[in-house]
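Going line by line, the protein sequences match chains Z and E. Take our numbering: the final residue in the first sequence is number 769, and no numbers are missing along the way. Take our numbering: the final residue in the second sequence is number 769, and no numbers are missing along the way.
Mixed in with the good hints there might be a few duds.
Note: identical chains are not told apart, hence a pair may lie in one copy or across any two.
Cut-off 25 angstroms, straight-line C-alpha distance, at most; resulting in silico cross-link-like pairs (DSS-like, lysine-lysine) [unchecked claim]: (1) 738 - 512; (2) 762 - 494; (3) 672 - 457; (4) 491 - 521.
Everything labelled a hint here was simulated from the structure, so no lab data went into it.
Protein chains: 2
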Amino acid sequence: MVYKGNKVALDRLKEIAESVYGQLERSEVPHLELSSRTKSNIILDTDHDVWKYGEDKIKRSAKDLGGATSILRTLYTVDFIGDMIKGGKSSTLREMYYISEGWEKAKFPSQDESNKLAEDLEIITTCMREDFKLRPEEDGARVMGDITIEETNRKGEKKRINCKDDVGDSGYGIPYNVEKEKIRFKGINAKMIIAIETGGMFDRLVENGFDETHSAVLVHLKGQPARSTRRFIKRLAEQSGLPLVIFTDGDPWSYRIYASVAYGAIKTAHISEYLATPQAQFLGITPSDIVNYELPSDDLTDQDKNALKSELSDPRFSSDQWRSEIKLQLKMKRKSEQQALAKYGLDYVTDTYLPEKLTEMGLL
Amino acid sequence: MVYKGNKVALDRLKEIAESVYGQLERSEVPHLELSSRTKSNIILDTDHDVWKYGEDKIKRSAKDLGGATSILRTLYTVDFIGDMIKGGKSSTLREMYYISEGWEKAKFPSQDESNKLAEDLEIITTCMREDFKLRPEEDGARVMGDITIEETNRKGEKKRINCKDDVGDSGYGIPYNVEKEKIRFKGINAKMIIAIETGGMFDRLVENGFDETHSAVLVHLKGQPARSTRRFIKRLAEQSGLPLVIFTDGDPWSYRIYASVAYGAIKTAHISEYLATPQAQFLGITPSDIVNYELPSDDLTDQDKNALKSELSDPRFSSDQWRSEIKLQLKMKRKSEQQALAKYGLDYVTDTYLPEKLTEMGLL
Chain Z
406 MVYKGNKVAL DRLKEIAESV YGQLERSEVP HLELSSRTKS NIILDTDHDV WKYGEDKIKR
466 SAKDLGGATS ILRTLYTVDF IGDMIKGGKS STLREMYYIS EGWEKAKFPS QDESNKLAED
526 LEIITTCMRE DFKLRPEEDG ARVMGDITIE ETNRKGEKKR INCKDDVGDS GYGIPYNVEK
586 EKIRFKGINA KMIIAIETGG MFDRLVENGF DETHSAVLVH LKGQPARSTR RFIKRLAEQS
646 GLPLVIFTDG DPWSYRIYAS VAYGAIKTAH ISEYLATPQA QFLGITPSDI VNYELPSDDL
706 TDQDKNALKS ELSDPRFSSD QWRSEIKLQL KMKRKSEQQA LAKYGLDYVT DTYLPEKLTE
766 MGLL
Chain E
406 MVYKGNKVAL DRLKEIAESV YGQLERSEVP HLELSSRTKS NIILDTDHDV WKYGEDKIKR
466 SAKDLGGATS ILRTLYTVDF IGDMIKGGKS STLREMYYIS EGWEKAKFPS QDESNKLAED
526 LEIITTCMRE DFKLRPEEDG ARVMGDITIE ETNRKGEKKR INCKDDVGDS GYGIPYNVEK
586 EKIRFKGINA KMIIAIETGG MFDRLVENGF DETHSAVLVH LKGQPARSTR RFIKRLAEQS
646 GLPLVIFTDG DPWSYRIYAS VAYGAIKTAH ISEYLATPQA QFLGITPSDI VNYELPSDDL
706 TDQDKNALKS ELSDPRFSSD QWRSEIKLQL KMKRKSEQQA LAKYGLDYVT DTYLPEKLTE
766 MGLL
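Use the sequences and the hints to build the structure in full.
Here it is as structure tokens:
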């Protein structure tokens, strides 16, 4: 079965191959052009409020051996992806690296190289890795709440799964591909989406029934969220129009998790408009929460302090509120985890903290 | 709802408290006694073919401040667990650590201490942490295959989930508690259970439909498997009587994964008979496979070599077959990953490697 996303990807990959053949036919030294992926070439797209690559290009030319090998690898990879799309297969990035064992001179020296090529192909084609049927090793973030998902399974059958009634306590596992051809939202009975950093807190909200008492769809971010999780959240937030709040630990790394959901990450700047959900709001743990709720806290490490300082010059944290929170944290030199709320008992987060914070945000 | 496992746990925890009160009433300096958890006190229980603690005991006495604090913490913890069991709640180990913020002098200085106490209580009561309603942060290993599970969900409702027909492509997520009161196996239509180390390979077998073509229940081990995963596998293997094979990478750390499923791990030696499945057979990747299938491989590191050498003196690897495989690997100084089979294409593992290996083992 060839889906629309895969079909477009296949066409664009063919264009790459055709461009190289065309250049060879015209007796030109073949080359490929792609966006430069340096920090200086990342700009904030104010139309979509997400991070994107700028205008800087780099050229890979077969003039030198490195460039020629790179073009050869690209063509092998395009061929491999084409076969997968036609055969209804997918592959992990790790498998693609091993597959190249059979490509002789085009064999990747390391998986870093094959991963980078997959990203290059995304940039050239403006398609997503998932359209190429390439997936990461792990996914498995989980969802609990009253939404019904129609998943087209590996056999092409459509299955409806309600993420509250048709799943066990561990919830619905987000597959690696969450595009329209794979999953569709068929019924959303909720007032908000809450994305949660840690599995412990996700399970706490599930056990305490917060999804039911507050009509919330709970999504486990599982630390820095996988692409499929961010894309799932974006599609769900877009289709439902529901408010999306992010609930993480209170440290600079967790603020980056928020920023990657809301604005995108540097590594995936070329597909930010697919992955980022700018309406996402940060719920906490904020530095003010650490003070106001007298949470158990730990000293900031030097790395923590440097990360906070670098966030002060990051346009994604340029709002007055973020700046004053970050400055407060640098001053008090403390950080807290979301599970620190257990200081007041296992129900405190659902009975007190979340209702107070959501009310403050105008969502209750 | 008080389940039988929790009820027994509660009674035994009460006995601990009563013993301390009894000692105080008799004007004795209170003490607690538990098995010494040193390597020298781990023995192979030949009746059950699993690792267990030996006869060495240590005594915690209130004679010194450390012992007195430890007994105080134990009593607070017993109280907290009792409240959870009565209230139908559970808590992560991390939450328990934070809960102790309110225990003044009994506050745990670090989560290591609270985790260790949870293990101590297991040893004293011969119950499992899960009976105390304590759970780790993460679980989420996945299952795909034609088995029907009846899960009693958080609301006490019984739900039947077929792990092939009622789940998405990411499979059924194993909950943290897999005891009889939580899940029951209601229909097992399979010829074998295959436990797989990596998510990439699990997904490969799922995509290639190996569960259907070979009537296999596929279980994702997710690296070193969580207790719930090992317990799930043990219960499934025991109830079904099906052969269980372990499919991992070909390196010493993966052999330890096999050993922990088959014989138990040192950390959980006190509950090995609940967690270990001695009939588990190692399928591969074996060092011979690396040679016979000419797999892409990497150099052994010094740590790898040391781990292999220590396995040579580990009774769990004392069979002639294991010893000759380990010696072969030390000689060739190479290791391979299970996904290295992709060298021959994405279907090689399901079309060739697994059928050949399973035939060799007499399972096909």
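A quick look at each hint next to the structure:
1. 738 - 512: Classified as between; 23 angstroms across copies, 49 angstroms inside a copy.
2. 762 - 494: between (45 angstroms within a copy, 24 angstroms between copies)
3. 672 - 457: within (10 angstroms within a copy, 48 angstroms between copies)
4. 491 - 521: within (23 angstroms within a copy, 53 angstroms between copies)
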